[in-house]
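Chains as they are written, first to last, in my numbering: chain F, 1 to 263; chain G, 1 to 227; chain A, 1 to 480.
None of these hints come from the bench; they were simulated from the model. All figures in this text were calculated on a predicted structure; none of them were measured in a lab. There are no misleading hints in this set.
Only pairs whose alpha carbons sit at most 27 Å apart, straight line, appear in this in silico BS3-like list of lysine-lysine:
#1 K47(A) - K69(G)
#2 K67(F) - K411(A)
#3 K165(A) - K181(A)
#4 K391(A) - K411(A)
#5 K67(F) - K418(A)
#6 K14(A) - K25(A)
Simulated DEER-style distance windows between Cβ atoms:
#7 I81(A) - I211(G): 36 to 44 Å
#8 Q6(G) - A409(A): 49 to 57 Å
#9 K40(A) - E134(F): 32 to 40 Å
#10 G23(G) - F408(A): 44 to 52 Å
#11 E136(F) - L31(A): 40 to 48 Å
#12 V20(G) - A173(A): 53 to 61 Å
#13 L94(G) - K40(A): 33 to 41 Å
#14 Q441(A) - E128(F): 37 to 45 Å
#15 E134(F) - R475(A): 25 to 33 Å
#16 L404(A) - R172(F): 43 to 51 Å
#17 E128(F) - A24(A): 41 to 49 Å
All C-beta atoms, glycine included, are put in the ideal place defined by N, C-alpha and C.
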Amino acid sequence: MTQAASETRDGLLVGLFVTCLVDLFRPSIGFAAIKLLEDAGAKVEVPASQTCCGQPAYNSGDRADAKTIARQVVETFERFDYVVAPSGSCAGMLKAHYPELLADDPAFASRACALAAKSFELTSFLVEVLGVAEIESSFAREVTYHDSCSSLRELEVRDAPRLLLASIGGLRLSEMEEREVCCGFGGTFSVKYPDIANAIVEAKVRNIARTGATCVLSGDLGCLLHIAGKLAREELAIECRHVAEVLAGMTEAPAIGQARKMG
Amino acid sequence: MSAPDQGRAAVLSRVRAALVVSGAEGTRAAAVEDRLRRHPRGTIPARALQSPEACIELLEAMLASQGAKVTRATTPEDAVRAVAWALRAHDLPLCFRMGTDPVLGTLPWDAAPELERRFGAAEAEDRAALSRAVAAAAETGTLFLISGADNPTTLSFLPEAHTILIRSSDIVGCYEEAFDLLRALFGAGTLPRTVNMISGPSRTADIEQTIVRGAHGPKHLHVVIVG
Amino acid sequence: MAGASEDASPQTFKQGAARALADAKLQRALLNVKRGFIVKRALARSKLPEFDRLRDEARAIKDHTLQHLDLYLEAYERKVIESGGQVHFAPTAGHARDIVLRLCKGAGAKLVTKGKSMVSEEIGLNAHLEAGGIEVAETDLGEHIIQIRGEAPSHIIAPVIHLNKEEIAEDFARAHGGLPKERPLGSVQDLVAEARAVLREKFIAADVGITGANLLVAETGSSIIVTNEGNGDLTETLPRLHIVIASIEKIVPTLEDACTILRLLARSGTGQEITSYTTFATGPRRRGDPDGPRSYHVVLLDNGRSEMLGGDFQDMLRCIRCGACLNHCPVYGTIGGHAYGSLYPGPMGAVLTPALAGIDHARDLPNASSFCGRCEEVCPMAIPLPSLMRKWRERDFERGDPPLAQRFALKLWAFAAKRPLLYHALGRAVAPLLARLAGAQGRFRSLPFAGAWTGTRDLPAPEGKTFHALYAERRRSRDR
Numbered sequence: 001m002t003q004a005a006s007e008t009r010d011g012l013l014v015g016l017f018v019t020c021l022v023d024l025f026r027p028s029i030g031f032a033a034i035k036l037l038e039d040a041g042a043k044v045e046v047p048a049s050q051t052c053c054g055q056p057a058y059n060s061g062d063r064a065d066a067k068t069i070a071r072q073v074v075e076t077f078e079r080f081d082y083v084v085a086p087s088g089s090c091a092g093m094l095k096a097h098y099p100e101l102l103a104d105d106p107a108f109a110s111r112a113c114a115l116a117a118k119s120f121e122l123t124s125f126l127v128e129v130l131g132v133a134e135i136e137s138s139f140a141r142e143v144t145y146h147d148s149c150s151s152l153r154e155l156e157v158r159d160a161p162r163l164l165l166a167s168i169g170g171l172r173l174s175e176m177e178e179r180e181v182c183c184g185f186g187g188t189f190s191v192k193y194p195d196i197a198n199a200i201v202e203a204k205v206r207n208i209a210r211t212g213a214t215c216v217l218s219g220d221l222g223c224l225l226h227i228a229g230k231l232a233r234e235e236l237a238i239e240c241r242h243v244a245e246v247l248a249g250m251t252e253a254p255a256i257g258q259a260r261k262m263g
Numbered sequence: 001m002s003a004p005d006q007g008r009a010a011v012l013s014r015v016r017a018a019l020v021v022s023g024a025e026g027t028r029a030a031a032v033e034d035r036l037r038r039h040p041r042g043t044i045p046a047r048a049l050q051s052p053e054a055c056i057e058l059l060e061a062m063l064a065s066q067g068a069k070v071t072r073a074t075t076p077e078d079a080v081r082a083v084a085w086a087l088r089a090h091d092l093p094l095c096f097r098m099g100t101d102p103v104l105g106t107l108p109w110d111a112a113p114e115l116e117r118r119f120g121a122a123e124a125e126d127r128a129a130l131s132r133a134v135a136a137a138a139e140t141g142t143l144f145l146i147s148g149a150d151n152p153t154t155l156s157f158l159p160e161a162h163t164i165l166i167r168s169s170d171i172v173g174c175y176e177e178a179f180d181l182l183r184a185l186f187g188a189g190t191l192p193r194t195v196n197m198i199s200g201p202s203r204t205a206d207i208e209q210t211i212v213r214g215a216h217g218p219k220h221l222h223v224v225i226v227g
Numbered sequence: 001m002a003g004a005s006e007d008a009s010p011q012t013f014k015q016g017a018a019r020a021l022a023d024a025k026l027q028r029a030l031l032n033v034k035r036g037f038i039v040k041r042a043l044a045r046s047k048l049p050e051f052d053r054l055r056d057e058a059r060a061i062k063d064h065t066l067q068h069l070d071l072y073l074e075a076y077e078r079k080v081i082e083s084g085g086q087v088h089f090a091p092t093a094g095h096a097r098d099i100v101l102r103l104c105k106g107a108g109a110k111l112v113t114k115g116k117s118m119v120s121e122e123i124g125l126n127a128h129l130e131a132g133g134i135e136v137a138e139t140d141l142g143e144h145i146i147q148i149r150g151e152a153p154s155h156i157i158a159p160v161i162h163l164n165k166e167e168i169a170e171d172f173a174r175a176h177g178g179l180p181k182e183r184p185l186g187s188v189q190d191l192v193a194e195a196r197a198v199l200r201e202k203f204i205a206a207d208v209g210i211t212g213a214n215l216l217v218a219e220t221g222s223s224i225i226v227t228n229e230g231n232g233d234l235t236e237t238l239p240r241l242h243i244v245i246a247s248i249e250k251i252v253p254t255l256e257d258a259c260t261i262l263r264l265l266a267r268s269g270t271g272q273e274i275t276s277y278t279t280f281a282t283g284p285r286r287r288g289d290p291d292g293p294r295s296y297h298v299v300l301l302d303n304g305r306s307e308m309l310g311g312d313f314q315d316m317l318r319c320i321r322c323g324a325c326l327n328h329c330p331v332y333g334t335i336g337g338h339a340y341g342s343l344y345p346g347p348m349g350a351v352l353t354p355a356l357a358g359i360d361h362a363r364d365l366p367n368a369s370s371f372c373g374r375c376e377e378v379c380p381m382a383i384p385l386p387s388l389m390r391k392w393r394e395r396d397f398e399r400g401d402p403p404l405a406q407r408f409a410l411k412l413w414a415f416a417a418k419r420p421l422l423y424h425a426l427g428r429a430v431a432p433l434l435a436r437l438a439g440a441q442g443r444f445r446s447l448p449f450a451g452a453w454t455g456t457r458d459l460p461a462p463e464g465k466t467f468h469a470l471y472a473e474r475r476r477s478r479d480r
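From just these sequences and the hints, can you work out the full model?
As structure tokens, then:
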């Protein structure tokens, strides 16, 4: 860790934006995010009144609801030094879209910009703001990494997760072909146009399988649910995990969509 | 108002309504007039800003990679022999069409007396033609040919083999320099009837993305750099 | 308006997409798009370090031009007239068709050759000319093939990317009359050679040549065509009348502005640094010209562009029809162009078609996108395509048009999302329920109301309590 980074760390208050998918489908990602942030010296709070970033409404053309939800998010999170989400998609919503969405609301326009400036996807926050360059953890597997479209194109997050994964003991990263191509999730797109989404994820799964990796990681649970669902339907024995879980060393639990003990 | 005038008025008034302007605004007119008069350049690629010799090399390399054959002829005699060679290389009759270009006309044609030259615009049966480019831009191996009796446009498109001669002193780095040359020759705010920027032989990849030469224009493009 | 949107209604789009997905030949052909154009564009961009800066400049040029479009149109018109040509303004497709037919009839035309022109297809020109007793010969190889097939192009720069050579050989055998039956048509070379010979006759016999224009230059009154085949040049040089048909947003101010955009066009579309032929045509032949048309007419088409100007979709008018967005789109890459049911497919079509044909006739196009953003990333004119598609979705939503079931589900979600207590209570109830329903498997092979997903993919199940429930529990036990 750099000198400058350790100086900024003290007293740094991070609001965790859990994301609705993590909340509903795989809470361990949220706990992994908290561990990573706290280990790196940040103080983390999880405001209870958060729900969703509003993307489903926004992308469906329901601008009114998207704005209402956005205002809620601004109000809930603006008191923090930073807002961090274990998701490029949700971080992208806050960072790239909230300013435009609330631009014509005089009570919120500048607040949305202020929030956008301090909103981050998890791995890029760890690397670029907290100055984390390596993490003591191990995961002795051959993995491949799927970059979500939002991470790549809204946030330009590409190197951060790879930098951190490079420090994980035993982990071998094999990049897939057509790395920057969509997985076909696209939120409601995956159910509005299921056949097209399926064709796109089929191609993604083929590329994943060709790497020889036994595990695919990503910073976005939406993509992971889609990819895991297709891998399972194709009966391919490739696991899906969120990059936060691997970095935080929380990999004993079953992978996404895999068999688990009940009770 | 006649129908054409109505159409014109309709389109222009819709455009003005969309832009919320009257069309009489002085500042707008000045901005347009200024840009047209000054025609400012954008970013010129660094590869076009090299020495003249480097530009010639770049021109050669680009043309070669784009499917043209390039010959450097140090003397006018060599140039004439290169023209003959270009025909032989493709088993073509030693006969070609050219225009009244004075530079081409004063080449030492007796250095290849076997060549038969015909003049004028290309005819359907012509299998080979020779033109001269007034300029070439090294940045993408692009030759500038202009219409007229000197180098009729059809010479560049009807025959299956086309040879273009360019003087090394006419090779510039970027397209803009070539257009400035044309402005000097023909005046500002105008161009000859046709300016062809030619960078390779005719080709198509429409069928199965497979590249085939000679789709409609020449199969073979030969460029002779003189001097 | 004919042509621009045959029918991109929900039924047709989904059916078209399903057909395309099941078409193994098409799927193989689409792989060529990915391997070819995508790789080549990336290579071309890497060889031109100034690419991104040029992109910014190109965007600025177009924005400036659009802001002054009326004045540049007038300046352009003056220059065309000065060089001996004529300009006709066509507010609608119908006007344009009539002008072109009138010009052809005035020239006593029996045969017209055509260079590739999307705008001419947009206005349904060929059918109109043919109804007027004029033979129309498309000369671009791809356009010639779809003409003899009676089909629409499937890609704006590579019209027959969906066909293989065997299919084309069949078409040639059928359509090119008077040729020996046993002639070789097995290789791509054979096919190109035959097309060259067949179309050569048309070039020479044509009375009128019609081309589009990639760009129009106001400074000189020139029209620019960018080709590899040379067919556009033979079309505009040999006949006695050359007609250019172009939409009004094709104008750029100066030759330098054209150069900036030309540096981006081929690189973005095919990955070539430049095409074999980039041709500037300015007026009819001059005194002393031994070849060239004796008259030169430009038809400037509005047909909905002025509607887009000054509004939400103005940025779309920067489009230079390079095709990069199609090439990089994961949706286009799996369903091809015909499934869109529109002349303009892919991301640019998803924005342009509703603007020209109305959102009612093209609803699926802006909706069938995962917003991956690759189109915007590769667009040489920096058009914010996903944002423009989203704007169409907003317009659609305001009119109450998305399917009821979808609206209901979304409204339900939004209702809860705006009420944190309710949201978390619902989550606390539903997540463990679904976890139990999925059982030890941890995922659903099928699930009521989720058939759209589970038809082709398993759905990982929620794993038990929600994060917020667990977090609250852990805090409580920590505070104890």
